[in-house]
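Visitor: Residue numbers (my numbering), protein chains in the order written: chain A, 1 to 310; chain B, 1001 to 1257.
The set of hints was computed from the structure by calculation and includes no laboratory data.
Glycine is no exception: its CB is placed at the ideal position from the N, C-alpha and C atoms.
Worth double-checking, as some hints may not be accurate.
Below 25 Å or equal to it, Euclidean Cα-Cα: the simulated DMTMM-like pairs (lysine to aspartate or glutamate) are [what the hints assert, rightly or not]: (1) Lys1251/B / Glu11/A; (2) Lys1251/B / Asp20/A; (3) Lys1251/B / Asp26/A; (4) Lys1166/B / Glu11/A.
Example chain A residues on the side facing chain B (calculated, C-beta under 10 Å, incomplete) [claimed, not checked]: (5) Phe30; (6) Gly45; (7) Ser75; (8) Phe77; (9) Thr84; (10) Ala107; (11) Asp115; (12) Ala152; (13) Phe180; (14) Met184; (15) Arg221; (16) Thr222; (17) Lys279; (18) Leu280.
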Amino acid sequence: MSVSHATPALEILGASKRYDKQLAVDGVSFSIEPGEVFGLLGPNGAGKSTLINLISGLTRLSGGRVLVFGHDNQSDFETTRRLTGVMPQEIVIDNFFTLEQSLRMHAGYYGYADDPVWRRTLVERLALEPYLKRKPLQLSGGTKRRHMLAKALIHKPRLLILDEPTAGVDVELRHNIWSFVREMRAMGTTVLLTTHYLEEAQEMCDRIAILAKGKIVALDRTSNLLRSIDDRKLLVRVSAPLMETLPALREIGAQVLEGGHLLSIPLSSDGLLGDLLVKLAALPTKIEEVESKSADLEEVFLSLTGARHV
Amino acid sequence: MSEYSRFRPFLTLLSKETQRFFSVASQTLLAPVVSASLYLLIFGVSLGSRISVIPEFQYVQFVIPGLILMGVINNAFANVSSSLFMSRYLGNIVDLLVTPLTSTQYIAAYTLAAMLRGLLVGLVTWLVSLCFATIPWAHPFQSLAILVLGSFVFSQFGILAAIFSKNFDTLSMFTNFLILPLIYLGGLFYPVSQLPSPWRELSGFNPLYYLIEGFRTAALGVGSVPFAVVIGVVGGLGAVLFASAVFIFTKGYRLRG
């Protein structure tokens, strides 16, 4: 199959999905370049899973188009689906077959013969070896998720879609999964993921789109999104409590916290840290600890969506 | 990866569906044969000697074609309806919906696996029936064609039942309130031609009558429904059901959001 490298891995052109009177996805457009790791974030009900279902073909588009490596996912779905691997959010199992049997079958569903070497690689990297002869009902939630990831990758897709891949997975397995996703990316696989763990998205994604009420409210490189909130602070812990009324504190814009023991001082992008430190040294108390704090993705997320919980 | 094959998804699904019913053979193959054996025991040994409906045949010989056909169509229906409905109910149909399988491939794979199970049950029912009586197989190819057609029609019906059923109750209603009455009223245990009016005329609206009586005509060489009529009526019904199944799968009704 010939696929031009100039062609985006995924192009979403005005995609929308309407359920009765409600627009779950409202004219969303963006594209993902080959080899990118792209994060889709948003509060519950923002339309992330619906959008992913529209891309994978699990849900029918009400409007717009989805192109996978230049192929329309409606008119040329056989091509787009074999180029795509999907790990859905909900755990789905077929308890008639062992893990090994289902992995073999999955290659066939995508039109490829079983590749024992690749299957073995997936089994080893996702630590599935001890469970190969078991049926899914005998497995823990984390193992079922790793099995689902193996199924999504069994045909070596060029676009990998992960919908909450680490939900309910313990810390060690989460690292295991992300480290394997990084390997896949190094092999040229494009990754589209959703996660509720914002620190994971911050660490993994080249670009992030934030979705709220079915629309994209922000889309940029992860570093740019973080910079978009000029929210760096200097946290200064002092030994003796300070009063908010001190002119020196007002001059540096400090907020007094913890009964006067902690100062939170905003750092503007052009602020000179040396001047600030001189002013701090003049305070009538001893400085015990200084810590600088940058905005994290959670703050960006909350400021853009107004959501309380992610 | 190996070379992509357009037919591999279909062959894989067919293999999976076949393995599925073989893996629970005691439910899918043995249980229907036990039921058929009980019917044969009752009508062959117990009551059969006291009933005569066709002059040149024993009653058990009259009943055997109907029991074979009942095994075929019941199991073809049960195989596809339970497998597809369970996939929808448990959500694992998602695993298939994201693959390159086309609507026709889905239907063909589910249908062929269901037909295979139905025909296997029919074959074993016939083998068991040899303990009680033999039938002459007056038109063996016509008999086989009718069994194949019957299993096809009820596979399509099973697909539609699985798609339209909202829960297990609805699914069992198709079997209990539609298929079983139509089979029993279609002349499984009695010749419809001997029914009084208007029941005889009303039976003409029951497609199972054409299937059962047609199969009996082909198997025994005696009956009132010629092969061409079976092909016309049951084949027409099969074509309508198949077209409906393809349309529904293509539209993704109750399958894709």
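Visitor: State for each hint whether it applies.
Guide: Results for each hint:
Distance check on the hinted pair: Lys1251/B and Glu11/A sit about 23 Å apart at the alpha-carbon level, within 25 Å; holds. Note on Lys1251/B and Asp20/A: the hinted pairing holds, with a Cα-Cα distance of about 17 Å set against a maximum of 25 Å. Proximity of Lys1251/B to Asp26/A is assessed by CA-CA distance (about 22 Å); at most 25 Å being required, the pair is judged to hold. With a CA separation close to 36 Å, the supplied pair Lys1166/B and Glu11/A exceeds the 25 Å bound.
Interface restraint check: Phe30/A against chain B, minimum CB-CB distance 21 Å, threshold 10 Å, status violated. The interface hint given for Gly45/A is broken, as the beta carbon of that residue sits about 15 Å from the closest beta carbon of chain B, more than 10 Å. Interface hint at Ser75/A: violated, since its Cβ lies 13 Å from the closest Cβ of chain B, which is beyond the 10 Å cut-off. Restraint check, Phe77/A versus chain B: the minimum CB separation of about 7 Å is within 10 Å; hint holds.
Of the supplied interface hints, the one on Thr84/A holds, with its beta-carbon coming within about 7 Å of a beta-carbon of chain B, less than 10 Å. For Ala107/A, the suggested interface contact is upheld, since its CB lies about 8 Å from the closest CB of chain B, less than 10 Å. A hinted interface residue such as Asp115/A counts as satisfied when its beta carbon comes closer than 10 Å to some beta carbon of chain B; here the least separation is about 6 Å, so the hint holds. Given hint, Ala152/A at the interface with chain B, holds; its Cβ is 9 Å from that chain's nearest Cβ, closer than 10 Å.
With 10 Å as the threshold, the beta carbon of Phe180/A stays out of range of chain B, its nearest partner Cβ sitting at about 18 Å, so the hint is violated. The beta carbon of Met184/A is not positioned within 10 Å of any beta carbon in chain B (closest approach about 14 Å), and the interface hint is therefore violated. Here the hint on Arg221/A is broken, as its CB sits about 29 Å from the closest CB of chain B, past 10 Å. About 27 Å separates the beta-carbon of Thr222/A from the nearest beta-carbon of chain B, more than 10 Å, and the hint is not met.
At a threshold of 10 Å, the smallest CB-CB gap from Lys279/A to chain B is about 59 Å, leaving the interface hint violated. Nearest Cβ of chain B to the Cβ of Leu280/A: about 58 Å, over the 10 Å cut. The hint is violated.
Against the hints set out earlier in the document, violations occur for numbers 4, 5, 6, 7, 13, 14, 15, 16, 17 and 18.
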